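Visitor: Could you put the whole structure together from the sequences, leaning on the hints where they help?
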Amino acid sequence: MINYFANPTRFLKIAKGLQPIVALIAVGSILTGLYYSLIQSPPDYQQSETVRMMYVHVPAAWMAMFCYVALAGFSSVLLIWRHIVADILAKSTAPIGACFTFLALATGSLWGKPMWGTWWVWDARLTSVLILFLLYLGYMVLYNAFDDRSRGARAAAILSIVGVINVPIIKFSVDWWNTLHQPASVIKMDGPAIHSSMLTPLILMAVGYTSLFIWILLIRARAELNLQKVHALKIRLAKV
Amino acid sequence: MAFRNGTDSWVVVMFFMIVVILFPLGVGPEPDILNKISSGVIWVAALLSAMLSMDRLFHVDYDDGSLELLVLHPQPLEFIVLAKVLAHWLTTGLPLIIVSPLLAIFLNMDISSYFVLIITLFLGTPTLSLIGSIGAALILGARRSGALLSLIILPLFIPVLIFGVSAVEASILGVSSKPQLLILGGLFLLSSALCPIASAASLRQAIE
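Sequence order for the protein chains is A and V.
Mapped onto my numbering, the consecutive letters of the first sequence carry residue numbers 1 to 240.
Mapped onto my numbering, the consecutive letters of the second sequence carry residue numbers 1001 to 1208.
Watch out, some of these pointers could steer you wrong.
[Claimed, not checked] Below, in silico cross-link-like pairs of lysine-lysine (DSS-like), each with a Cα-Cα straight-line distance of 30 angstroms or less: (1) Lys-1178/V - Lys-171/A; (2) Lys-229/A - Lys-16/A; (3) Lys-229/A - Lys-13/A; (4) Lys-113/A - Lys-171/A; (5) Lys-1036/V - Lys-1178/V; (6) Lys-113/A - Lys-1178/V.
Calculated directly from the structure, the hints in this document are not laboratory data.
All figures in this text were calculated on a predicted structure; none of them were measured in a lab.
Guide: Written out as structure tokens, the structure reads:
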């Protein structure tokens, strides 16, 4: 199956077909999710209206971690099978993941001001997410630091796999350390500890963010493949 | 194999001392403040000095081609990396620990927290060398490798810094610093098991 997708033309064809479907899901679920989260869901009894921050903050944080795992997954496929498409996908994932991480940090900071009374605290969750952001930046810089493109790809892939160690630290940082950040309330062993009126918009937003990620990923990957084609053509023309 | 002439060690130690000395000049010479920030200052300075010498770890071998011979050597590359890291630590990490008593006096540290600082440095600086070896192997042949190295490995250094400093701070406050020391020891063992593998993988792809 992995070899099946290694053919860029085949990938392009699938990506082209998949793109409008994902786009539709993304736009649809984000719009309904926003309607539910801004209008339908009740204000929190403690946090009142500011709880609505959750619907943009929490999915962004999930996506920040999800993108990193995807990045490391693509990177290992690249290293093991020398997979061209995996390289393209990994390269296209990194900036999107960095954006989600930035979004999580920024919305969290905006939420922290009214709730905790400060924009930023140096607790374990915030610090580890900041490290995640720096890892994304390091990946992108390392990728572009070599004259030989494939060396950059492989070096950056190894870095991203090393950085995976940070993901469980982010996930469990709220359980291992006492922090201002609240512990997990959705993904728990004994079911979510959150009322369905708030869970529904949250899930909708998460679905929306995920399909938004896939949508942008497909656009970026297609653009990247076309760019490489142009590059190859240029080299061929220069030789003639 | 990797022992170079002594200048590298001297440069690193001088750098370490100068960074630490800059702090009392910048923050002001009040003994209380200095005592409070001492562990952080010494740790950040140690981290930067480890960085400073890091890009040399494989670079000389890469430039003169002996790295290819090392990769082709029948001995597993992981062990060679481990030996290189040990050499790096002996030439740059250990000298820092030796000069740190002097700096502790400059920064008005008391004796008991100084002992904790020494233990954290003994556990922490080899970890820094191990983690740094991954970065040093990744940047071989890159443009602007020095700045790049700090960007990719400083984030990975942060956990060591946090637990190193918090162990000393616990002892300044008079609480037991055992948990932090145990975590530092765990980080050291974990990185000595995993980092050589990652560095060896990076070295193999670097000379392909």
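Visitor: Work down the list of hints and note, for each, if the structure agrees.
Guide: Evaluated hints:
1. Lys-1178/V - Lys-171/A: The given pair, whose Cα atoms are some 25 angstroms apart, holds under the 30 angstroms limit.
2. Lys-229/A - Lys-16/A: 17 angstroms, holds
3. Lys-229/A - Lys-13/A: 15 angstroms, holds
4. Lys-113/A - Lys-171/A: Given pair Lys-113/A, Lys-171/A holds - Cα atoms ~23 angstroms apart, limit 30 angstroms.
5. Lys-1036/V - Lys-1178/V: The given pair, whose Cα atoms are some 20 angstroms apart, holds under the 30 angstroms limit.
6. Lys-113/A - Lys-1178/V: Not satisfied, since the Cα-Cα distance of roughly 35 angstroms exceeds 30 angstroms.
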